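> Sequence:
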Amino acid sequence: MAARKDAAAYGSPIQCYFLLFLYVFSVFLRTIGSANLLYTRSDLMDIGKQHQTSVSDDFFYMHDIPAEIARPAGSPWLVVGTRRRRRRRRERKQKRGRRSGAMLRLKSQPHKPPLPSLYVANARSLAHKMDYLQLQLANNRYVRDCCVMIITESWLHPGIPDASMQLAGRTLLRWDRTKDSGKSRGGGLCVYIHNNWCNNGTIINNFCSPDLEYMTVRCRPFLLPREFTVVIVTAVYIPPDANTNKALSLLLNIINEHQRAHPDGVHVIAGDFNRANLKTVLPNFYQHVKCATRGENTLDHVYTNIKHAYRAIPLPHLGQSDHLSLLLPPTYTPLRRSRRPITKTITTWPDDALSRLQDCFEQTDWNLFHHQELETHTSTVLDYVKFCIGNVTVDKSIRVFPNQKPWMTTQVCKLLKARDAAFRSGDRALYRAARADLRKGVKKAKLDHRRIIEAHLSSNNTREVWKGIHDITNYRGCQVTADHLSAALAEELNNYFARFEAPNQQNSAAPPPPSIPSCSTPPSSPSPVMPLTVTEDDVRKALLAVNPRKAAGPDGVPGKVLRACAPQLAPILTEIFNLSLAQAVIPSCLKSATIIPVPKKSPISSLNDYRPVALTPVIMKCFERLVLQHINDHLPPDLDPHQFAYRTNRSTEDAIALALHAALSHLEEQQSYVRMLFVDYSSAFNTIIPDILIRKLDTIGLPPLTCAWIKDFLTDRPQAVRLGPHLSPTRTLSTGSPQGCVLSPLLYCLYTYDCSPQHDSNLIVKFADDTTVVGLISKGDEAAYREEVLKLAAWCSDNNLALNTKKTKEIIVDFRRHSTDPAPLYINGERVERVHTFRFLGVVLSNNISWTENITEVIKKAQQRLHFLRVLRKHNLDPSLLTTFYRTSIERLLTYCITVWYGSCTMADRERLQRVVKAAQRIIGSPLPSLSDIYSSRCLGRAGKIIKDSSHPGSGLFDLLPSGRRYRCIRSRTNRLKNSFFPKAITILNSHMHGH
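Converting from the sequence shown to the numbering used here requires adding 23 to each position, the first position being numbered 1.
Rather than coming from a laboratory, the hints here were simulated on the basis of the structure.
Nothing here was measured: the structure is a model prediction, and the numbers come from that model.
Just to be clear, a hint being listed does not mean it is correct.
Stated by the list, open to error - Cβ-Cβ distance ranges computed for the label pairs, FRET-style:
#1 854 with 983: 17 to 27 Å
#2 945 with 246: 26 to 36 Å
#3 226 with 263: 22 to 32 Å
#4 838 with 963: 57 to 67 Å
#5 871 with 337: 51 to 61 Å
#6 983 with 628: 50 to 60 Å
#7 1016 with 331: 51 to 61 Å
#8 571 with 424: 24 to 34 Å
Unchecked claim - Listed below are the simulated DSS-like cross-link pairs for lysine-lysine, each with C-alpha atoms no more than 27 Å apart in a straight line:
#9 623 with 830
#10 428 with 467
#11 624 with 829
#12 941 with 968
#13 789 with 830
Cβ coordinates follow ideal geometry from the N, Cα and C atoms, glycine included.
Please build the complete structure, drawing on both the sequences and the hints.
Spelled out as structure tokens, the structure:
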């Protein structure tokens, strides 16, 4: 009975409803409580910081936390870092990791690269390897998205249709081997163009012979950097048994035609070259395959006319092919990304600016600027001139883009914006009209620019010619990039250029010799020699001879003002010059110099890679020219005959010819050899000690007052370095002579005139600071040569010239059959490096007197200049103007010192040189003189000038016979001497005299 009552109680509806109500109510409270309990990050951080207990082992054990991530027992629950919170990835502007490589850039935009990605393979029967090729396309996304695929040795024939060789999404272009090859099978070329990169690939040239097969495809892709106009791809196959010289000659002709038609295009030459090397005929092209493609040999090459254009990645063989496949992703950076736009301030001259200046100076009363102090007088006059210039000129700020075409004018930019606006509007008629206007505007701008270039070339002004060439071709030399310019670097360079100042301060503290007057004040006793004076007419002529484009120095007075206002400024400048000469004092404002660091090479690796070029006031340059003429009048004509720089009827050609004649004449003897030491000085012009120079000038016979003026010119010179917009603090120097001054070359030659050989078996040839010691060794006796080198090192130490042993090189010319390696040469304890070739005054000289390497470098530079000629031809310039450019740029390069080396070079080298002339002749379309004719005329003209100059060191080699009809020939036992300059010149001279 009781059990039934309990069961009824448990199962009563009232109790069930009550329990259900409690359950629903508890869930409702839990929901409300969870909804209202909101914690921010700061709240949780505060709770964690207030928690006093530490982490225990039981907590991790109870909650099954792995030991790898569990904190050690006793550590706090919450650790707050002291560093700044790391942002989430979506908050970052730049993602972490390496995402800027060539492969990643290609992965992000596979069909919009700056240059087409390439795939090169030697198939050896492509029809049997289509499955392997498609498998590689399926498994390698880079090959699948490759823009251009070049297949050599396709072994296809007309019986194989194109449909069986097609690849999805690509255009097939093929050239099968023909009967002209002399072979029935093999060979063949195929090129696949990805349709997402370019859909207008066209075969423009093809060729098949036993020595060469090639096919040229022209592509105009959807996207190409502005500096390029088209992509020319040439697939090449040269059989292993081919005549490589003939094949390369044929290939050179067709590449020259393509470059002439598309001078601004990208030229890619790729394929199987086997034993051939395209750089032997096209040294200005770059080979991008550095890895072996068959065994240990690199048989597959890829050449382009762009440096650092590609990086080659080897891939597995295509089926059973014996060549590796190659993937070449582009590594070229467009100009707009590699170079930032430059913002610079230019000074514009209105049309009436110069006439207003002339009127201003005409009405100026220069007597108001007179002052007892010459420094104050000169600075006041210059400040007034600069103030007047500022009143008539206007400064503007402009931006220069690296990839902007030279014919892009403001009007063309407006038409371009109008075309883009019409395109966005959707109006087809408006867009068609805007596009036609843009096309007409571009054509007119190009025509106007061509007329400007023609005017430059017609003016025979070298500066204007090269300015026009730079504008058309966008050629730029080695420049300092804006990313590396800083005020700290400018100050560091100024201290580096002044590193030779400390020794001179000690030397200058010593009293001057009694025979030299003090340079701070003029001599107290009357000098028997009258001081130098200049006339107003001389000053006016000097000002009129100023180059109007000459950059202004630290004084801010440009050359165009001095030339235009020469009659107005000549009186006051004549007065200043005469006061300076009478007092032997030069105002510091005229001696100040702004050093412009010019890079010697690119890229820059050290401070020594900058050459300090001084920018001095143009007025001071005119003053120096007047003093230079006065110094030359007091110099003896036979002073230092083996110094070939800065003298009339002397050149590098004479210096090289004389050194080689001495060496080759000595090598005619038995058991003889020659050691040639090429001495290098560290900043030779910057190490001149004024006191030492003045003693030498006094010995030569210059007037004491002139010596005192020269010393003041070299001492207490303010100097600062300008690096872009940054100017370093000024330093005052009393050592050296600035590079860029008119007097500096002559003063250096006078400083080194007493450096002469002590032994007859040695010869010292000098061209400015380039010094060469020629040691004529007989029967292994080197005592005189080694003693000469020791005396030279001692002379350098006495004259404060820093001899750089690391850059000093030596060449040994030895043609003995049983020659032994001579003992090394040491200078100041350092061993002199012995080399096989050396660039001697711009000519590559080798130890076997071979000129092949010199000719290779000449051809490489000439090929680059041919590019400029093609660009000019593309602008439809007149052939006569193209011939002028060829003579001033390419022919001058090919014929530099031609009388020295052309007679001794091989016939193969002469053909290589003449090939460049023929290429230029085809570009111009008119005949050009051959190099052999130029060589003969140059030898004849040079011989005539030497004969007329009795002070020339080589004049004694031209000995006229008693008959007066011929010159005595130089006897020679070998062709080395017979084909050198002096024997050849005499032979040509005698033939010319006999012909007349």
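> Report the numbers of all earlier hints that the structure fails to satisfy, in ascending order.
As far as the earlier hints go, 1, 4, 5 and 12 are violated by this structure, in ascending order.
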